[in-house]
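Letter by letter, the sequence shown follows residues -22 to -1, 1 to 209 in mature numbering (1 follows the signal peptide of the UniProt record, and there is no 0).
One or more hints might be untrue.
Now the in silico label distances, taken between C-beta atoms and shown as ranges [as the list claims (entries may be wrong)]:
1) Asn39 to Leu186: 20 to 28 Å
2) Asp46 to Asn83: 31 to 39 Å
3) Thr87 to Ala50: 18 to 26 Å
4) Ser118 to Arg44: 38 to 46 Å
5) Glu38 to Met82: 23 to 31 Å
6) Ser118 to Asp49: 29 to 37 Å
7) Ile103 to Lys70: 18 to 26 Å
8) Ile193 to Asn39: 27 to 35 Å
9) Phe187 to Gly45: 19 to 27 Å
10) Asn116 to Asn39: 37 to 45 Å
Think about it this way: if two alpha-carbon atoms lie no more than 20 Å apart in a straight line, the pair counts; the simulated DMTMM-like pairs of lysine to aspartate or glutamate are [said to hold, decoys possible]:
11) Lys191 to Asp102
12) Lys70 to Asp47
13) Lys70 to Asp102
14) Lys70 to Asp55
15) Lys70 to Asp101
16) Lys37 to Asp55
17) Lys70 to Glu89
18) Lys70 to Asp111
Please keep in mind that the hints were generated in silico from the structure rather than gathered at the bench.
Fair warning: this is a prediction, and the values are worked out from it, not measured in the lab.
Glycine included, C-beta positions come from ideal geometry on N, C-alpha and C.
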Amino acid sequence: MSRKNLKNLLIIFFWMSIDFWGENNFSVSALTEFERSLTRLARGPLQDAIESGGADYNKENCTWRRGDDKDACPDPDVHVYLYTPGNESKRKLMEKFKGDWLQMNYQPTLENIILIHGYAGGDDILPMSILRDAYLRNGSYNVFVVDWGALSAAPCYPAAISNLQPVARCLAQTLTTLRHLGLPILRTTCVGHSLGAHLCGMMANFLLFRMHKIIGLDPARPLVHPRLVNR
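All chains should be built: construct the whole structure from the sequences, respecting the hints.
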């Protein structure tokens, strides 16, 4: 269900409740808070983080990476799942690769898609789940879904920005390993949404080879500056 449809349903339910219980049972503060909640719902997590003025942001409660070569790869908070047509409900967490990994869990005749979510996202959170399912229904793609949600969680947008470079470096190492195992890199496309769009591009900067294509969907703009290392 879209945010707009969900918002409309909540409005209908709220006014039906007022009609049933009576206006006197709802305080002005309750009405105001309900309106604010609907506004946050319509905005989405990124705009909500920007417009909140950092009211909910606490640096100590966020997960930060140092951003240098001392960060561990693979990162324990960055997970890669493989989905293949016909196995949409099954996902293989990729941690350690063996030489025959692609032969056991991969369809070599298909194109490859790498999906990377953005701020406050995850592998089963919109829009990644819709994109994943669409590629799988097409039947022509192996879909690798990157979940770095622990390093891009709300309301820690500044931490998510800071974590872009170390996450990109670790993903580049993972892709390099897959290439050595036989992944056809010229048939591999990276699709990123929000901050994930920047991760696709930054990951490419750490590679010694070129992917087929990079697709950026609604790239995040706040705190991301041109010609800097985090873009």
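| said: With the threshold set at 20 Å, check whether the alpha-carbon distance from Lys70 to Asp111 stays at or below it. | reply: holds (16 Å)
| query | Does Lys70 pair with Asp102 here, judged by a C-alpha cut-off of 20 Å? | reply | Holds, at about 14 Å.
| said: Can you tell me whether the CB distance of Ile103 to Lys70 sits inside 18 to 26 Å? | reply: Taking Cβ atoms as reference, Ile103 and Lys70 lie about 19 Å apart, which means the hint holds.
| query | Does the Cβ pair Asn39, Leu186 satisfy 20 to 28 Å? | reply | With a Cβ separation near 37 Å, Asn39 and Leu186 fall outside 20 to 28 Å, so the hint is violated.
| field | 20 Å limit on alpha-carbon distance, applied to hinted pair Lys70 and Asp101 | value | holds (13 Å)
| Cβ separation of Phe187 and Gly45, checked against the hinted range 19 to 27 Å | holds (24 Å)
| task | Take the C-alpha atoms of Lys191 and Asp102, compute the straight-line distance between them, and say whether it is at most 20 Å. | result | At roughly 24 Å apart (the allowed maximum being 20 Å), Asp102 and Lys191 break the hint.
| field | Pair hint Lys70 and Asp55, alpha-carbon separation not exceeding 20 Å | value | Between Lys70 and Asp55 the Cα gap is close to 16 Å, so the pair holds against 20 Å.
| Has the hinted range 38 to 46 Å been met by the Cβ atoms of Ser118 and Arg44? | Taking Cβ atoms as reference, Ser118 and Arg44 lie about 40 Å apart, which means the hint holds.
| Beta-carbon spacing of Glu38 to Met82 - inside the hinted bounds 23 to 31 Å or not | Since Glu38 and Met82 have Cβ atoms about 43 Å apart, the given range 23 to 31 Å is violated.
| said: Is 31 to 39 Å respected by the C-beta to C-beta distance linking Asp46 and Asn83? | reply: With a Cβ separation near 33 Å, Asp46 and Asn83 satisfy 31 to 39 Å, so the hint holds.
| field | Pair hint outcome, Lys37 versus Asp55 [Cα-Cα no greater than 20 Å] | value | holds (18 Å)
Checked against the numbered hints given earlier, the structure breaks hints 1, 3, 5, 11 and 12 and satisfies all the rest.
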